[in-house]
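Chains B and Y, in that order, are what the protein sequence lines are.
Using our numbering, the first residue of the first sequence is number 1, and each one after it goes up by one.
Using our numbering, the first residue of the second sequence is number 1001, and each one after it goes up by one.
Check before you lean on any hint, since a few could be wrong.
Unchecked claim - With the C-beta cut set under 10 angstroms, the calculated list includes, among others, these residues of chain Y facing chain B: (1) T1003; (2) A1040; (3) G1043; (4) A1198; (5) L1251; (6) P1252.
Unchecked claim - One side of the interface only, derived from the structure: several residues of chain B facing chain Y at Cβ under 10 angstroms: (7) E49; (8) S51; (9) R104; (10) A107; (11) V141; (12) H177; (13) E179; (14) G185.
Just so you know, the hints here were simulated from the structure itself, not pulled from any lab data.
As the structure is a computational prediction, the values presented were derived from the model and not from experiment.
Even for Gly, the Cβ is constructed at its ideal location relative to N, Cα and C.
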Amino acid sequence: MKTVIIKYNAGNVQSVMYALDRIGASYLYTDDEAEIRSADKVIFPGVGEASTTMSYLRNVGLDKVIPSLKQPVFGTCVGMQLMCRFSEENNTECMGIFDVDVKRFPASPGLKVPHMGWNNISGYQSPLTAGLPDNAYVYFVHSYAAPVCEYTVASCDYVLPFSAMLHKDNFYAAQFHCEISGNAGQQILENFLKL
Amino acid sequence: MLTKRIIPCLDVKDGRTVKGVNFVNLRDAGDAVELGAMYAAHGADELVYLDITATVDGRSTFIDLVRRVAQTINIPFTVGGGISSIADVSALLHAGADKVSINSAAVRNPDLINELSLEFGSQCIVVAIDTRYIETDNGLEHIVHTHGGRKATEIRSIPWAKEVEERGAGEILLTSMDTDGTKNGFALELTATISGNANIPVIASGGAGNMAHFYDVFTAGKADAGLAASIFHFREIDIPDLKEYLKNKDLPIRMTR
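Go ahead and model the full structure; you've got the sequences and the hints to work with.
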């Protein structure tokens, strides 16, 4: 099986690679369109800011490649947000795979933004959550989130309920960091690679 | 619900943990990777590795250690100690650290906080504040200290905490040098003031001696996370017991057993 991690100006993706190493999966880290198109599984990680990342993707044409992929694609964190329609982070037009807008967490007394730490997810409707305990805890670091929508397949609660995971056709996404979310995160990555 | 985090801190010198560690079931208690993996398996929510090596050789050993930790454990970890430049941070993040903690360098050059958060994102920049309540020209005040808490600055800790947030820190690691090592509990009032002012998470450190101290720092102290070293290393508190205790007192805690 050929797994590709999409290379772009995302921040540090080293821990994603180590997480795949731990489950014994081999992968290619590349931005080459032919390599991406011929992969069995594609991981689109993300650490960073929406507008600079999106303009980078446009410059190299990945903004057209990613939505046209037919194999299972898994976007995480900012990767997930860029797969949505629009992000309030510097008012960024994104790839529009999921027809939902990413919004900043509203200011709320006693609730800090970013939402940082372990929170539980529920309402599983995804093959990626197979075998997970109810209310599994996963690790989040983000200030923007997609509200619960028709593509939500797991949700989380912080200030408001929001989409922890999205799914549409061959596109899967998680707002949290599977690679550092303990055994739950590892299970989700394994489930994706088994699709 | 977002949970309160329990964070063991490991001091590392030349790639090995230095505080006497008393775990009979470990093959090598000085092995910082093995110890971290054990804490992760016991339900630690994050780890902090502090490099207390002073030499250049020790530095590269530490980066090698960071790489091995990242390869091994599947929870987030922060690294700190002697970080003073974008290049230092870049090397540690590329080795696989999730966050870096800066202290003296931020005091010397506060712009470094802005530069690092722009370059790498706020989420991975932790500013450590070592504070001590001392006599000043204006009476007793909480004052920022550097050099492991030995050297007083002229900076007042409470406004400094707000400033580091405004400059782009993603988290504050607050150590009270007054309570550190006493085992009499965290500095609740100061932690509550700083955490109450902050819109970023505050990790409380210094003074944990029993499980009730963690309950206090999460409630009265308003902390988002509690950090301790020796009480975990010497097994005076086992993390699974601590989390069970806090959970039974209705705090939001990530249970792993």
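Hint check:
no., hint, in the structure
1, T1003, "holds (5 angstroms)"
2, A1040, "holds (7 angstroms)"
3, G1043, "holds (9 angstroms)"
4, A1198, "holds (7 angstroms)"
5, L1251, "violated (13 angstroms)"
6, P1252, "holds (9 angstroms)"
7, E49, "holds (7 angstroms)"
8, S51, "violated (13 angstroms)"
9, R104, "violated (13 angstroms)"
10, A107, "holds (8 angstroms)"
11, V141, "holds (5 angstroms)"
12, H177, "holds (8 angstroms)"
13, E179, "holds (7 angstroms)"
14, G185, "holds (6 angstroms)"
Consistency note: the structure conflicts with the earlier hints numbered 5, 8, 9.
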